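*Asks:* What follows is the residue order along each chain.
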Amino acid sequence: MSTSTGARQEPTGAGRTGARSPGRMPAAETHRRPYRPTTKRTWFLANREYRAYALREVSSVVVGFFVFNLVVGLVCLHRGLESWQWWVSLQTNPLNLTLTVLAVVMSLVHATTWFQATPKIIRIQRGTRYVADFWVVAQHYLLLAVFAAVVYFWLGGL
Amino acid sequence: MTESSHGHPGAGASAADGVQPVGATAEQPEPRPRRDGAAAGPEAGGTITLQVLRYRPDREDAPYLQDFEVPWRTETSVLDALTWVKDNLEPSLTFRWSCRMAICGSCGFMLNGEPKLGCESFVRDYAPGPLRIEPLANHAVERDLVVDLEPFMASLRAVQPYVISDDRHPVPEPGNRQTPEQMVAYGQYSQCINCMLCYAACPQVGLATDFLGPAAVTLAVRYNKDSRDHGADSRLPILDNEGGIWPCTFVGACSTVCPKGVDPAAAIQQAKGATAQAWAAEFILPHRGEGR
Amino acid sequence: MQTLRTDVAIIGGGGAGLRAAMAAADTDPQLQVLVISKVYPMRSHTVAAEGGSAGVVGEDDSLDRHFADTVSGGDWLCDQDVVRYFVEHAAEEMYQLERWGCPWSRRPNGEINVRRFGGMSQPRTWFAADKTGFHMLHTLFQTSLKYPSISRLDEHQALDLVTSNGRVAGVVVYNQRDGYPVFVEAGAVVMATGGAGRVYAQNTNGSIVTGDGMAMAYRAGAPLRDMEFVQFHPTGLPGSGILITEGCRGEGGVLLNKDGYRYLQDYGLGPETPIGSPQNKYMELGPRDRLSQAFWHEQQAGRTISTPQGEAVHLDLRHLGRKYLEERLPMICHLAEQYVGIDPARDPIPVRPAVHYMNGGIETDVTTATSVPGLFAVGECASSGLHGANRLGSNSLAELVVLGKVAGQQAAALAAEDPVGASSSLRQEAQDIAATYLVMMGRGTEAPARIRRELGEALESGVGIFRTGDDMAATARTVRELKERYTQVQVVDTCPVYNTDWASTIELGAMLDVADVIVHSALRRQESRGSHTRLDGFTSRDDERFLAHTRAHFRASGVPEISYHPVTITTMPPAQRAYGAAGKTADAAAAPRNTEDQGAAQ
Amino acid sequence: MRRWQGRTNEPLMWALFGGGGMLAVFTMPVLIIAFGLLVPFGGFGGADGTYERMHALLTHPLVSLLVFLALGLVLWHCCHRTFHALHDLKLHPPEIVRSAIYGIAMLTPAIGYSLSLAA
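Sequence lines, in order, name chains A, B, C and D.
Quick note on numbering: the numbering used here labels position 147 of the first sequence as 147, and the sequence is numbered without any gaps.
Quick note on numbering: the numbering used here labels position 10 of the second sequence as 10, and the sequence is numbered without any gaps.
Quick note on numbering: the numbering used here labels position 249 of the third sequence as 249, and the sequence is numbered without any gaps.
Quick note on numbering: the numbering used here labels position 1 of the fourth sequence as 1, and the sequence is numbered without any gaps.
Hints listed in this document are in silico derivations from the structure and should not be mistaken for laboratory results.
Where hints are given, some of them may not hold.
[To be verified] Stretch by stretch, here's where chain B covers chain C in the computed footprint (C-beta under 8 Å, at least three residues):
(1) 42-49
(2) 95-102
(3) 496-507
[Claimed, not checked] Pulled from the structure, derived: some chain B residues nowhere near chain C, Cβ distances all over 10 Å:
(4) PRO91
(5) PHE95
(6) ALA102
(7) ALA278
None of these values were measured; they are calculated from a predicted model.
Backbone N, C-alpha and C define an ideal beta-carbon position, used for all residues, glycine too.
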């Protein structure tokens, strides 16, 4: 589905080994007539892996909405008790509630997919082996639990 | 290959086009290797319909699928099935292959929409069929199952996939020491056979035409992580580039399809991290990298 | 016709071709070097080599020992000047690859590790797990990308050499991607096209290993030498022929017949060494020809294992343990799992001999020069004199780079000093050559696939592990017939781009030429030496008559013209070739003499 | 700062994206459940109680700044993905859209903080 052929545009750093870049020689004439398929706009529905990817990307949009909600809440907190009560009662509005429930699900999708991916970025080498993915992931879940506990005890007033 | 229409006979039909599906009746197959009875499950076999994408630039304007009926046994690889078609039914069917042991990287195809090496995919896993065989996605199709590899070859050259030494680190004679620990740091990334399955799996290769792509970036990272190499600075302008590593959105399909467990997705994320660090370092230490 | 001019043209983009290209570019950066390959270089069959590459390192080993192992391994048919040069430069080239980034397996302290290999008296085989060829090839290919003076013609099928007054002046190739023939005019040509194992039905080789370069050089007047010496690798997978590396035995794997008995001790390779302590030149670490022959005897005696894909013996690796197998032989584990459904840590792998390597090839001297001026040859397509009648495992990967470098330097020197000038008559000749091949498209009646299949079977039956005059004569007749049928060969496909129907038919033509030479060379050699072993009264080595290289010259009609020329012997006169306990006494007697003045001590 | 053809500001964008993502995955599930469900439905007592416990800490200008910055970082993460999702949909919006999307991530906490200070 690629639409490019031949040499790619080279960044200025690429050609420093010499004036003439090595590679294949250009043909004087050609019988080539390559067929170039195009990527469909709905490619992300094509298989399970792509759909999971699409869900992961969408999850952050929903989470983003809730961040917006929190910003409003924080402003209300600054404006006084009445304002805060208004924001809290706004959360029970059916439309808002629906969004919240969706946000819970999506934030979990977001978190779990992220945790799953972290071992690819964080690679801890011990001798001739890498620390098993499990431990990297477990560490992340642990941090999530710690934060949950802090918030729980703080809001619970303990 | 969404454009392909099943069964379209093409502009100028070749000799074998007249009969569809063809095969099984033509000639008995060569004896196919089978599993050692002691270790494998029960013998299986039969015939399967291969739906192979055909495109001959001198004849057709668009690809189409042609059916071939092929006998198979437990040990018949998809590549075996294709060579059987070429030898017995349709000599003009064109595909690349060589080692038939998953190391030369020639025979990548889309099998029922998934990028796979033909030589280590077995017909038994697709029975009773039909099995759709198409050229690797995200590539221009030169002919039948042969795709254009020149864009990759240009990317490969661009990432400077060789040891770069610098004046501060003279190469020791007769050679470097490198501990097994230091080898592990890049070992996995040195296993790439350039089979292009990751390019076929990566939607960003299809969407961003100037993306270096999974395998090329992985090879850059392979050398960056090699204790003998001092070329990371030299490769930075290629990686930190609109068409370098940034089109990657970490779909992760490259690693899923890699037949050698190379994990290009990990390599690219690590390249992103290293590039961000280099970027920050240039802010803090403005002279870093200058005059080289 | 499109014409390109280059200083050095290298045909073949495998290990030898790429090393030659870099050596040529290093010799004179002003020269243009052009690598022509019918596949992308990383697909070349060097990629499939598994076990390792020889080079003497460490204090326990010596150049003399490598020399002696090689000469006796080759049953004294080696040119000893070449062997000497080779052993002296092997480790140096291994280190060169190291500096280029090859991931050689290491000891914990970071030094190079070496493993045991068949026929070698010491562990001296450098390895990169069990993908040595893969890593060497990719290292060479990737490093070649940094040379501005090296260009490539990938996926260009070479058709024939063009000569001018007996001197090679270029090569006609076909650009598969664009669909046009191209004439490459060159100051010097290096042939590095690899072997021809595909002439046999059961082989460990990739589909591209069809002897094109051998045939091109042969038709251009360079003799093919020692072609009767075809190496059977003792451990290929039955049916597919996929290679199971000798490194398995180097690491301690053992071969068992159907009774679970280590049969090699009955064939002059004993006494049996304890499982888990392999000993060089004993039992499973004997040379490839002896091990393949032992299999044949076991098969005759009915002591092999019947599998659905033919007779086999067991390669047992179970005692090595899963962890060690995954570290040292990961690809073998994967191949066994994929292709025979076997987990080597739990079950033995069924194996049988399969054609692996052409010990002979285009005749060259130690400078890789052929008898045709302007033409050099290196790698498996060449017969440098290194391997004699039987190549030792791990000597060929080292040969690629040691002699590849020589070839590049020699070709560069010649191209700089004395290039052939362009001429219109040459271009006309090139055009005529291209036309004779292009006209094949869309013609003929004989199915090439059938000819190929019959050829493979004929060679298996006539010039296999053991040979008789009658069988060889029958095979010679079959090859003649097939050559005759080939004149009417059918190419259905007429598409100009990626016409693999046509290309594989041209390859078949090369295979027929090579097969013709193999069988006629074998027919004339009335003795048993190395990998050429006869059953019909010529069962022992005959130094009186046949301590000589076979030389086959092309004749446009009729069979190849066979002649003999002497072997270069410098320090190690012919002696008995023996392994196991018998080998120990023989070695002492046959040690090279006067080594001090050969510069053996490094 | 070295310059070369095709150099992007992606290292910065990506680093912020990564930081925001890290922050988001550790905090957002907890915050959404706590403030979207538990607080409104009395899980921590009435709104008066939560107001009391939170007000003292969160209205401190410095703490408030940090919280808005953190929320901004998470929002940056979300906006970065949104922008790339447009690309995935084969939409290649002009630079102004890109600025607007990342602008949301910067302006939202900035406006929030200004309003808070003004309160």
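*Asks:* Look at each hint and say if it fits the structure.
*Replies:* Hint by hint, here is what the structure shows:
1. 42-49: With 6 residues in contact (Cβ-Cβ under 8 Å with chain B), the coverage given for the segment 42-49 of chain C holds.
2. 95-102: holds (count 5)
3. 496-507: holds (count 6)
4. PRO91: The claim is violated: B/PRO91 sits with its nearest Cβ about 4 Å from chain C, within 10 Å.
5. PHE95: 8 Å, violated
6. ALA102: 7 Å, violated
7. ALA278: The assertion about B/ALA278 holds, with a minimum of 22 Å to chain C.
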